[in-house]
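Asks: Construct the complete structure from the given sequences, taking the supplied hints into account.
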Amino acid sequence: MRYQGHCDRCGVVVLPGEPGFWHAVTKKVRCSSCSPLNAPAERAVSGGMPRWLAEIGRPRAGNSWQQLVAYAYGAAERSALCPLPRFDQRRQWRELELSEERVISSGGRTLTEDQDLADLAAEAESAGGREVLYGWPLVVAADARGELTCGPLAAVRLAPPVRAGDEAGARPGHAAPPARPRRRDASPLASPRHGAPAAAIPRQRGQATPAVHDAPAGAARAGHAPAAVAAQPLRPPRPSDPDPPEPEPPEPFAVVDDLVLVLRASLDERHYAGLDLEEVQPLLDQPLPSGDPGAVADLLTKVADTAGMPVHEPLDPHHLATGPLPRVPGVYNRAMALVRESDQITRSLRGDLREMYTARPEEWRRTAARFLLEPAGPTVASDLPVVTPVPLNAAQERGVRLAIGSPLTVITGPPGTGKSQLIAALVATARAAGMTALVASTNNGAVDVAARRASAAHPAALLRTGSRRHRTQLAARLVRLIEDTGPPSRDPADTLAEVTRAAAARARAEADSAAHADELVRLHRLAREVTELAGRLWGETGHHPAEPPTGRPVGAAPGSPPDAAPGVSSGVSSGGDGPAAEPGGPTSRARHAAPASAPPAPFAHAPSADPGAPPAPRPERGAPPPATPSPPDGAALDVAALRERAERVAEARVAAVRRARRLLTGAGVRPELLRDPAAALETLLRWADGRLELDRAATDPRYGARAWLAEEDALRGADRSWAAAGREHARTEAAHRLQRGRPRLTRLLQLCRADDADPGRALQEAMAVLPAWGTSTLSTRPSFGCDPALFDLVIVDEASQCPLAHLLPLAYRARRLVVIGDPHQLPPVVTTPRHEAEAVATAVGWDYRDLVERHLAFGVDSAYTTLAARLPEPPHLLDEHYRCHPRIADYLDRTFYSGRLGTLTDVAALPAVPEPGLHWHTVTGGAAEGTPGGGGRTNRAEAAAVRDWVREHADRLVAAGAGLGVVTPFAAQARLLESVLRGVVEEERRRALGLRVGTAHVFQGDERDVMLFSPVVAEGMPAGSAGWINDNAYLVNVAASRARAALVVFGDAAAAERFDIPALVALHRAATDGAGPAASAPLSDPLAVAHPLALADGAAEPVAGGEGTAGADEAAAPGSPPAVPGAGPGRLLALLREPLAARGCALDGPTRVAGYAVDALAHGADGTAVALRVDGHAVDGPAGEAAVGRTRRHALQRDRVVERSGTPVLRIAAWRLLADREAVAEEVLHALRAPRGPDGPGGPGPR
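In case it helps, the working numbering puts the sequence shown at residues 3 to 1249.
Hints may be right or wrong, so weigh each one.
Ranges between beta-carbon positions, derived for each pair [unchecked claim]: (1) D514 - R1206: 52 to 62 Å; (2) A499 - G1208: 56 to 66 Å; (3) D300 - R744: 53 to 63 Å; (4) G379 - P745: 13 to 23 Å; (5) R93 - P835: 21 to 31 Å; (6) A499 - G59: 48 to 58 Å; (7) G996 - E125: 45 to 55 Å; (8) P461 - E931: 33 to 43 Å; (9) E125 - Q6: 33 to 43 Å; (10) A509 - G1208: 26 to 36 Å.
Because the hints were derived from the structure by calculation, they are not lab data. Even for Gly, the Cβ is constructed at its ideal location relative to N, Cα and C.
Replies: Here is the structure:
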């Protein structure tokens, strides 16, 4: 024994160095007399109770908490049984070149690195979530499907050595702590000769580097010394570098766990077919007699015989067998190493769930874990100041407020919508409010990104812990914090007040922008009303209400009627653009007041002056508007003078009718109106009031086509000031905490450096100084104790991949819980068959079908789906996308997110790559069965097309500094692509490209500038394989959303149509048809979650004050529904064709610029072009009540992105196209002729 203990049977004290046995599962010590080897075998399972349930006890009837914890415990145990590698899958396992076995049989604690182990460790590191096992003897067996697999009969886990480069926290000039492997547990089991020098025992087979074990004294053979394997440097040496130290022997792989758990996991009926586990189980309850090689060999031989596995090579740890490994099932006297999915979950969750199992109701009911069993109330936004180190959009800011103000918040974060910015702001706001926070994810990369974002303001804003590597680096970071942090220069209360003031200034800027948008909409409605009134006075409009014409000639002043002479101010031309104001409505007789902004009543045709006259027929959609009737003889009207005379006539008491008729006749109104001169005079006054207001607005610079630049600059400047104030407060608050808590930091540093310290207790003691931490879900327990409501706020990122068993301990540690995920991305990876999941539910007294309905089903639900089902409202959506090229983002939005996302990707910042955007290369090939040892399907024609594309464009990609990825749904196709590309892309170019080839699971959380997608679907594919892609459409979403600048698909669209795979069919249509309005029907959401800003069913109009639809392919602003073809400003812009043609310019539209849809594109005679957008297009009905300011802000940001791509953008107020279009045409002409700067005509816009 290494440590002193008490025998749990006889009570005798077992001293260090004395023989004894320690059970890795029960944590109990037995003396040599009470050893299981000297007593009858005991069964750990009684009365048919599953073994995992016997370890914690059967839940009490009606105790839903214990049932939940026991259910999670059983689910964790079953999910830890990972499939063993297939015989031909040599990347996953290796037979080791050893002549003697000393870890399993003799208790050796280290295994010196050789090339095979190094390769497997690299494979585990690159895949993530995997571990390296060492085992003996080697077993070849047929699984339930008859395929040969390889695995150890007994195995231990290995921890790779800590290299010098892993000490990322070490500073220049400061020595890093010595790299030494640490055990993950405190197992007292040791070899009787523990501490003896290691010996190298090479094998005379092949040229492999020998491995070295800790061996008993005297076991070393003369003349054989350990081989040194030097660690690779992180960069080439430089002349200024100091002399390198003398090379040291390689650090060993440390044995970090004992045999029993892995032994049980290896002997599972899903791994080896035909096992009699009932007979084997008593033998598995016995700890291996480590230190007695003969006894170990005898026990393992007995296990193999009892299980019915033939022993082809007698087990002798002193003389391992040599020669090729036969492909015959059985047990072989050889050592092996393998990579498999980590079962860390069973080791970290075991203690957590046991502690939680006995929790009292008053404990777990005050934690967020209660929401797994009961519904949550509505989310409530907090009114605390939001502190953010980075600018936030409206959806992100609201997400922060909901998370701080609600005990449970569920946020949907599609790819590229700024989840890490949201988390950084959440952490900063929580710290400012005096809260403790934990950020956790199943994906280490997601935690790393969040930590970098949050720590941008101060290194202590969010500290990373978790794995052995991160805990090793923590000490170096603490040293830096203690040495570098000085007293704060300001009071945190003052900097928080600045944040509040900056937020108020930002709110004012947004309110000003929203008010301007409202004013644009009001003026458009006024222009439509004025146009309609002119039609009543001077003639029937007779055209579609959505496209009002005007007839003011070139050079006419604003306000002149049709056919008026140039320079003469007169009335607006007749015609109409929309709903007519009801007679006696809100605009009657209020001469000097602005017309009311309430929307007019809907109508089908402009009303006629004669009630009995039939309505004029509508023209065909897209037809040019008809000519507008004009006053007789082209008489010009002075609107101001006319209005003054009309008001005097209206107030006259003598000869009022005669004077009114004279006035109306002089104004040229239609003769039939003279029958009721009072009503006609009222109409004339209303027209004049509106016309004069539009004339005044025409001289206001705020309505110029380039005025939007100043508005967007004001909004962006307010955002930056708010974020700058947040960063300053984060720095000040962190420095203030560190200064006050320096003694606690010193204490934490001492505990981190101590070998026997409890890291969880040390970190909890330091939370007053360091309140925010980040870790993976599997590493929570090694860092933090399992105390109820330990953290004020727990944030679970990538929650759609988080299994329920991972979630439960996190929720138990949380007062407030925030889960961020996406149901259209990868779900949790679960290999447990359904019948086993049902058995776990039955064992705890639950019905599995009921769990499915309650969103608690293991293998079906994730943290996201479970908690989203607990809320009375849909999850909060992050609805602005910043990653992908707009063409790619449009496909993702329409196919998976029901048109609820707005895209703001800065195309100018993307590298110049071949085939930017979305492209489909038709490849007609055949789908074949996967390669041996793989599974799935391959398509050699697609692989060849990918190879040819890479060969053609690799040099251009390297020159552009663009990264390249190749993705496919099938692992077999990924291996084929890897093999064909290996002959095309040499290693140096591969590194320059950052080339990565894999399945969607490999790319989850990753991204590349260019992604090549091989869907494999083709003739010869079984219906089951095609159905698998259809059932897992998220694979296509993940594959497409990894691309930033270009997504190039190589596939057979006809085959996708035949197999009815909507995600692929939509992808082909988006690539070839430009993502038209009916390019694809949105795939169903697993939770049927509707966006909070989405309109009611049947609503088709764009959001008021926001963007109209340029045509079929306009992407709506966030919160807008998908637009209906033909609705929007397209027909308004058609009114500019004639004025622009008169000036030698052409108008095309709608079209796309830099991937973004614009309403129109105006071309000059010299080939220059400017993009046109209609601003403030009024919408009547429910859509007109939507969030004007927010959608306008998105539209302005989008136009800024288009502007940066090199094409100037003119935002033309909709009312000006009715009342002032000659002046608009002059502005367009000026923009086309102006010199171009980086931000449009005439150089940069206002800043």
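Asks: May I ask which of the numbered hints given earlier this structure violates, with the numbers listed in increasing order?
Replies: Violated: hints 1, 2, 4, 7 and 8.
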